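Chemist: For the record, the sequence lines run as chains A and B.
For the first sequence, this note's numbering assigns the number 1 to the initial residue and increments by one for each residue that follows.
For the second sequence, this note's numbering assigns the number 1001 to the initial residue and increments by one for each residue that follows.
Treat each hint with caution, since some may be false.
Which stretches of chain B does chain A cover? Using the computed rule of at least three CB atoms under 8 angstroms from a CB of chain A, they are [said to hold, decoys possible]:
#1 1042-1056
#2 1155-1167
#3 1201-1207
#4 1238-1250
Since the hints were derived computationally from the structure, they do not count as laboratory data.
For clarity, every value in this text was computed on a predicted model and none was experimentally measured.
We put the CB at the ideal spot given by N, CA and C, even for glycine.
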Amino acid sequence: MLGAGLNVEALYERYGPMVLRRCRYLLRDEDEALDVMQDVFVNVIRHRERLRADYPSSLLYRIATNLSLNRIRDRKRDPGRAGDEEMLHAIACAPDHDAPLILRWLFGRHPESTRTMAVLHYVDGMTLEQVAGECGLSVSGVRKRLRGLRASLRAVEGR
Amino acid sequence: MMASRRIAAWQLERHRLGELPPDEAARVDEALVGDAEVRAQIDELRADDVRVLDAHPPRVMAAAIRERIERESHASSPSRARIPLLSAAAAALCLLAFLPLALQRSSLPETRIKGLAPSLLVFRESANRPEPLAASSVARADDVIQLAYQAAGRPFGVVISIDGRGHVTRHLPRTGDRAARLESGGPVPLSEAYRLDDAPGFELFFLVTADAPFSVEAVVREAERQYGNAVGPARAGIRLDLPPNLAQFRFELRKEGSR
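Extracted from the complex, chain A is given alone in its bound form (with noise of 0.2 angstroms):
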């Protein structure tokens, strides 16, 4: 499946509709999902020597996580959309004072990698073990890219 002659459709049939599940959780819009999801395939097979021979899953969970905050951070403001403030709830409700702070950044420019470890850690409960593991970074890289966030954060609210 992986490597020179990827395989489409066997990539797809394993994996797309976890890949779709992700994408509906944060998009809230079965056909945005459907969207994005096939630019996740999109970007996968482009960069195909990224996967790994063992965990796919793991680079596909995280592409669709970074498309599906691009697709919320580039949608036009909708009173009708729920979507975004399901979301904004889930990550409300996360048991870490920080995570109000967190509304404030998911749609500012922050870089892109950033934004989706504090969704890995902060929506879905990954450790920050799991987080670096995800992205590629040490641990305490993960940590300092987190702490640097809620202290910029701190800043803006004046506290």
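With the hints as your guide, set chain B onto chain A.
Modeler: Chain B in isolation, oriented as in the chain A frame:
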């Protein structure tokens, strides 16, 4: 899908795919035995797989994905969701023009200069064409950097960068602990460009190469160690203290506003 409190949704997904590390898989196995809610969630995932594949069959979806790739490859402007590889022609032109300059600036004591040595070439995306950067060039936040390596016969390598905040980024390989197998021949661009953030001071790029596989984490930890041991401006001058079987090539970008 709301996951069990003990088992997250992403763990259930990967457990079904057989792609969890052994210790995490064992936790899920234990939950499956003792928790009816977890078993119900697995059943729901299985049922949803069938619904998805029925509604969007693999052959149809694969065709749609291929069509999208072809359509985007002819598009004039890149997607905002990705930083695309520079066009092959532009990249090749820049690499060929820049290579002699790169060799001049790669004369570091720790690299063997015998013919061609492993090196990194660094480009910045600009409106017209990729701009080759020399060592100590000034860069700024949001600059998009494209890296290319010259393996010079070394079969294994790692590319990392460390910024003025001490954050290490892995560029090659992006995951796993084993050094990447390097391609031989001309300069090889990495598959994805890299957007600089607002970290102050500098961005140091390291290409570490060897004749045999080696640990990526060891290189990352060494970079963090050197950063941690240095103070203030000296951090911009750090080099990796590596075993004799590893060669390093170092490339520094100065961040705008730094001295």
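Chemist: All hints, please: hold or fail.
Modeler: Here is what the structure says about each hint:
1. Counting residues of the region 1042-1056 of chain B whose beta carbon lies closer than 8 angstroms to any beta carbon of chain A gives 6, which reaches the threshold of three, so the coverage claim holds.
2. Coverage of a stretch by a chain is defined here by at least three residues with a beta carbon nearer than 8 angstroms to that chain's beta carbons; for the region 1155-1167 of chain B and chain A the count is 3, and the condition holds.
3. Look at the region 1201-1207 of chain B against chain A: 0 of its residues bring a Cβ nearer than 8 angstroms to a Cβ of that chain, fewer than three, so the hint is violated.
4. Counting residues of the region 1238-1250 of chain B whose C-beta lies closer than 8 angstroms to any C-beta of chain A gives 0; at least three are required, and the coverage claim is violated.
This entry does not satisfy hints 3 and 4, going by the numbered hints stated previously.
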